[in-house]
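Chemist: Chains as they are written, first to last, in our numbering: chain A, 1 to 362; chain B, 1 to 116.
Everything labelled a hint here was simulated from the structure, so no lab data went into it. Keep in mind that the hints are not guaranteed to be accurate.
To be verified - Among the chain B residues that face chain A by a calculated CB cut under 8 angstroms, a handful are: (1) Val14; (2) Met21; (3) Phe65; (4) Ala82; (5) Thr87; (6) Arg109; (7) Trp115.
What the hints assert, rightly or not - Straight-line Cα separation of at most 16 angstroms, EDC-like style, residue types lysine to aspartate or glutamate; simulated pairs: (8) A:Lys95 to B:Glu114; (9) A:Lys85 to B:Glu114; (10) A:Lys339 to B:Glu114.
What the hints assert, rightly or not - Per the computed footprint, the stretches of chain B lying under chain A, defined by three or more beta-carbons under 8 angstroms from a beta-carbon of chain A, are: (11) 66-74; (12) 94-106.
Owing to the predicted nature of the structure, the values given are computational and were not obtained by experimental measurement. Positions of the beta carbon are idealized from the N, C-alpha and C atoms, including for glycine.
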Amino acid sequence: MEQYYDLTPLLNLIHTWLCGWMPEWLALTLEGIVVGVFILIMYAVLAIILIYMERKVCAAFQCRIGPNRVGGKGGLLQVPADVIKILTKEIITLKNADRFLYNLAPFLVILASILTFSCLPWNKGGEILHMNIGIFFVLAASSIGVLGILLAGWSSNSKYTLIGAVRSGAMIISYELSIGICVLTMVVLSGTMDIQAIVANQADGWNLFKGHIIAIAAFIIYLIAGNAEANRGPFDLAEAEQELTAGYHTEYSGMHFGFFYLAEYLNLFITAGIATTLFLGGWMPLHISGLDGFNQVMDFIPGVVWFVGKTFAVVFLLMWIRWTFPRLRIDQVLTLEWKYLMPVSLVVLLLMTVCKVFGLVF
Amino acid sequence: MFFTFIIVVILTAVALVVAAMTIAHLIAPRSFNPQKGEPYECGIPTRGESWVQFRVGYYLFAILFLMFDIETVFLFPWAVVAASAGTYALVSAACFLGILILGLAYAWRKGALEWN
Numbered sequence: 001m002e003q004y005y006d007l008t009p010l011l012n013l014i015h016t017w018l019c020g021w022m023p024e025w026l027a028l029t030l031e032g033i034v035v036g037v038f039i040l041i042m043y044a045v046l047a048i049i050l051i052y053m054e055r056k057v058c059a060a061f062q063c064r065i066g067p068n069r070v071g072g073k074g075g076l077l078q079v080p081a082d083v084i085k086i087l088t089k090e091i092i093t094l095k096n097a098d099r100f101l102y103n104l105a106p107f108l109v110i111l112a113s114i115l116t117f118s119c120l121p122w123n124k125g126g127e128i129l130h131m132n133i134g135i136f137f138v139l140a141a142s143s144i145g146v147l148g149i150l151l152a153g154w155s156s157n158s159k160y161t162l163i164g165a166v167r168s169g170a171m172i173i174s175y176e177l178s179i180g181i182c183v184l185t186m187v188v189l190s191g192t193m194d195i196q197a198i199v200a201n202q203a204d205g206w207n208l209f210k211g212h213i214i215a216i217a218a219f220i221i222y223l224i225a226g227n228a229e230a231n232r233g234p235f236d237l238a239e240a241e242q243e244l245t246a247g248y249h250t251e252y253s254g255m256h257f258g259f260f261y262l263a264e265y266l267n268l269f270i271t272a273g274i275a276t277t278l279f280l281g282g283w284m285p286l287h288i289s290g291l292d293g294f295n296q297v298m299d300f301i302p303g304v305v306w307f308v309g310k311t312f313a314v315v316f317l318l319m320w321i322r323w324t325f326p327r328l329r330i331d332q333v334l335t336l337e338w339k340y341l342m343p344v345s346l347v348v349l350l351l352m353t354v355c356k357v358f359g360l361v362f
Numbered sequence: 001m002f003f004t005f006i007i008v009v010i011l012t013a014v015a016l017v018v019a020a021m022t023i024a025h026l027i028a029p030r031s032f033n034p035q036k037g038e039p040y041e042c043g044i045p046t047r048g049e050s051w052v053q054f055r056v057g058y059y060l061f062a063i064l065f066l067m068f069d070i071e072t073v074f075l076f077p078w079a080v081v082a083a084s085a086g087t088y089a090l091v092s093a094a095c096f097l098g099i100l101i102l103g104l105a106y107a108w109r110k111g112a113l114e115w116n
């Protein structure tokens, strides 16, 4: 049961080996460069996979075929081709735009998504930023993104972008509350904010099953709010194509626009990844008590496969929601959050605490 | 160790944007046209100021958000020890939440959540 392919000894071994024949600052610099390159590669590869997946899933929901020409039958090279194309597009800055803020906005959006991305627990001992307030840090870092969106919309000096940014800002900060309270519910259940400890707590059952129906309610609220946080699904009114052309990034062209697109898809993955960590056991294998043979077979699958598999399952769920429901109006979006999700999530938090204090959870 | 890596992550984010923008500047075409600098508005020239006024409703929601966001921040330390602190902490947190729910109910009653 104890083998979850722990990466910590391996990483420590590499660190001590590097420190053996070079000064420590050089070893740390080298490790930093490797980690940075690793993040960039993962970021790019995941974005390409997610965009391809979205196009195929969307096509399936609309009874189309989706990309099928570029790169063989499945259209596998469509997204890399799009990336190269977007790099060769001219970057236009508007005449009256606030240059500094206009160029700063993509930095903030990408920074928020990379900071949260590096907190995801890929495996036992396999996360880049490990800290004892992990999940709190994720909430804090992800709220930098809304700043980038507001700046992008305001600094472009266009009516569409301003309306898109204000809508998006109001929506994201509202749904952040529900996300915060759902996370709080799981922190109460686990008794820790450390992401690895939250995952380790789920060795005897995922939080979704441990917390009875309360955890399932929190999971559903988290999915709805997470969809809104990533500016997707029925909540994509910030970039409602029919009314605002593209919302807050209307005036960005070429690679400048690419950053917002990239961050949107990675935020989808991060939302799903945090849902996996909090509710579905992170890298923990699926265990059914009583079936020892089954459990042992499950233990042989590495944690990273479990994490990525569960996360993509949640991503598929989010895409399903996106392509099924029609877009809401801004007042409906805010009503949904403030009159339904917010009171319900507060009640869920209280119920979970009562259950935890009186020992009613598994 | 931790601070090294958080700096590494921040630098990676900056490097990604800078590198991609540099590549784009190197290979992207550049042609001047005064029309390109205009903000997009369905193809017609912009009328009036671009920085238009927007609803005060957004502002009200931002104020409400502040109240509840600070509440969440206050509740995090409590949530970590909620199980071990027992009934007393539960009752105090419930009172705290109750006052906030009263605040939400007040805002609701006053019509701050309506969109007219």
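Chemist: If a hint holds in the structure, say so; if it doesn't, say that too.
Modeler: Cross-check of the supplied hints:
1. For the restraint placing Val14 (chain B) at the interface with chain A, the shortest Cβ-Cβ distance is roughly 7 angstroms, inside the 8 angstroms limit, so the hint holds.
2. Here the hint on Met21 (chain B) is kept, as its CB sits about 6 angstroms from the closest CB of chain A, short of 8 angstroms.
3. At its closest, the beta carbon of Phe65 (chain B) sits 5 angstroms from a beta carbon of chain A; the interface hint therefore holds under the 8 angstroms criterion.
4. Proximity of Ala82 (chain B) to chain A holds as hinted, the smallest CB-CB distance being about 5 angstroms (cut-off 8 angstroms).
5. The interface hint given for Thr87 (chain B) is met, as the beta carbon of that residue sits about 6 angstroms from the closest beta carbon of chain A, less than 8 angstroms.
6. For the restraint placing Arg109 (chain B) at the interface with chain A, the shortest Cβ-Cβ distance is roughly 12 angstroms, beyond the 8 angstroms limit, so the hint is violated.
7. Annotation: Trp115 (chain B) was flagged as interfacial toward chain A, and the flag holds, the nearest CB pair being 3 angstroms apart, inside 8 angstroms.
8. For the suggested pair Lys95 (chain A) and Glu114 (chain B), the alpha carbons sit about 38 angstroms apart, so the restraint of at most 16 angstroms is broken.
9. Note on Lys85 (chain A) and Glu114 (chain B): the hinted pairing is violated, with a Cα-Cα distance of about 45 angstroms set against a maximum of 16 angstroms.
10. With a C-alpha separation of about 10 angstroms, the suggested pairing of Lys339 (chain A) with Glu114 (chain B) holds against the 16 angstroms cut-off.
11. Only residues whose C-beta sits within less than 8 angstroms of a C-beta in chain A count toward coverage, and the segment 66-74 of chain B has 3 of them, enough to reach three; the restraint holds.
12. With 5 residues having a beta carbon nearer than 8 angstroms to a beta carbon of chain A, the segment 94-106 of chain B meets the requirement of three or more and the stated coverage holds.
Violated hints for the displayed structure, listed by number in ascending order: 6, 8, 9.
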